[in-house]
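In order, the protein sequences belong to chains A and B. Read in my numbering, the first sequence has 179 at position 131, and its numbers run on one by one without any break. Read in my numbering, the second sequence has 89 at position 41, and its numbers run on one by one without any break.
Derived by calculation from the structure, the hints in this document are not laboratory data. Some clues are possibly wrong.
You can't tell identical chains apart in this list, so a pair holds if it fits in one copy or across any two.
Simulated pairs of lysine to aspartate or glutamate, DMTMM-like, Cα-Cα distance not exceeding 20 Å [said to hold, decoys possible]:
1) Lys55 - Glu110
2) Lys151 - Glu237
3) Lys115 - Glu59
2 protein chains.
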Amino acid sequence: MISDTQKTQAESTAAKIRTLILNGTLQPGQPLRQEALSEQLSVSRTPLRHALQSLAEEGLVETTGYKGARVAELDRGMIDDLFEMRLLLEPLALGSAFPQITKLDLARAEMALDAADAEDEPSRLSALNWDFHHALYRPSNRQTLLRTIAQLNKASALAEVIASSIVARPEKSAAEHRILLQACRDGDEAGAIAALGEHLRLAHRDIRTRKD
Amino acid sequence: MISDTQKTQAESTAAKIRTLILNGTLQPGQPLRQEALSEQLSVSRTPLRHALQSLAEEGLVETTGYKGARVAELDRGMIDDLFEMRLLLEPLALGSAFPQITKLDLARAEMALDAADAEDEPSRLSALNWDFHHALYRPSNRQTLLRTIAQLNKASALAEVIASSIVARPEKSAAEHRILLQACRDGDEAGAIAALGEHLRLAHRDIRTRKD
DNA sequence: GAAATCATAATTGTATCCAATATTGATTTC
DNA sequence: GAAATCAATATTGGATACAATTATGATTTC
């Protein structure tokens with residue numbers, strides 16, 4: 049095998065469970081019984097447990113010793129925290145990346161946006177959303193910063209999915225993304241950072257509104 | 049049992065390994081063979097694997113599928129990222145907490161400082177260091193923010209431990225902590241936040257200098 | 001009838017065994 | 001002699017069996 053990180057069953061089942069959560073098949077607060085899930089996903093309990101641990105440290109699942117795991121319930125405070133942190137960290141990443149963004153990066157970002165326009169499965173939309181942001185941050189080459197930002201994005205993915213059920217929210221999000229992308233194309237760093245901040249603030253506001 | 053989170057072997061072995069890493073028994077880059085470690089810590093490989101996964105998502109261990117885990121090597125970029133993030137997030141936490149900090153919180157913080165003065169085992173010093181910071185941030189009641197800050201602190205713990213071998217660094221750190229604590233006592237929010245920022249900047253500079 | 005107690009079942013965590021992958025070292029081939 | 005090939009070993013990931021813990025429900029006690 050050539051790849052330097054062989055994909056393991058634990059990882060792929062984590063991905064599957066993430067999809068089930070984001071698509072609403074597994075609802076917030078719902079208990080995740082290991083035997084039932086392992087049967088449903090046709091894996092043993094061993095990789096399943098590793099998957100649950102991953103999701104727990106991702107924030108999508110809450111687990112307590114000997115009592116089991118359940119889908120995380122996101123409250124107002126969690127959403128506020130996630131978006132306030134993203135609002136501090138993501139502009140930093142974009143700024144660091146900006147001088148090194150290539151046409152290829154921009155192409156990748158645009159590809160994600162185009163795909164997102166045609167997609168409506170929540171989990172895939174969520175992945176494409178991250179692809180877009182990631183394409184713009186990655187040229188910063190700041191791995192540790194990106195790791196934290198990735199975590200925050202995964203954790204807020206559930207909130208964003210719920211938000212996407214808000215009327216016209218996906219369209220607004222797409223428009224904000226296009227503005228950000230155009231600013232990057234124009235070499236307008238300040239404009240890009242401002243657009244990113246605006247995008248995060250608007251998303252936060254809509255999600256917060258929805259949850260009262 | 050009354051406690052709502054029964055401690056599991058995976059967690060306690062994770063703590064043990066963390067100590068071994070922070071105390072330098074396990075050096076950065078060193079491979080962590082499961083069988084050897086499980087034998088040394090007298091647990092089976094099952095909880096050991098969970099512990100390694102935890103440490104990996106904490107950032108103290110790097111793991112690659114089927115190839116095994118090794119103690120993380122921290123490069124310059126990682127340290128810069130960790131401290132820049134902390135410099136953005138921790139003042140936010142302190143500011144949110146400030147109006148709600150009680151005398152009890154201050155007492156807890158001081159207790160950690162006093163204990164740290166008499167301690168010289170790296171892993172315990174690291175824990176006390178976190179206790180101090182955590183005591184001041186916790187009244188914010190912003191769990192998600194605190195979780196991320198905790199992660200960043202755990203990840204930079206290794207760097208700080210190495211830094212503590214710098215001559216006079218622990219004394220400087222203690223002094224900076226005292227200034228911060230005093231500002232909190234005086235109800236001087238701006239001063240406290242400034243002191244915290246200064247503390248993080250100085251720690252970052254010393255660590256960076258040490259690593260060239 | 002409500003609370004406490006205890007046995008039973010359901011569920012998670014751990015140990016052990018097996019399979020899949022990677023690493024090593026000898027052998028071959030040019 | 002160096003690179004490629006392949007067998008043998010070491011090491012990790014996964015499946016199953018067992019132990020520890022928690023949840024459930026009947027029984028008792030007041």
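Each hint tested on the structure:
Taking identical chains as interchangeable, the C-alpha atoms of lysine 55 and glutamate 110 lie at most 20 Å apart only when they sit on different chains, with a minimum of 15 Å there against 24 Å within one chain. Only within a single protomer do lysine 151 and glutamate 237 lie at most 20 Å apart by alpha-carbon distance; the minimum there is 15 Å, versus 46 Å between protomers. For a Cα distance limit of 20 Å, the shortest separation of lysine 115 from glutamate 59 across copies, 15 Å, qualifies, whereas the shortest one inside one copy, 23 Å, does not.
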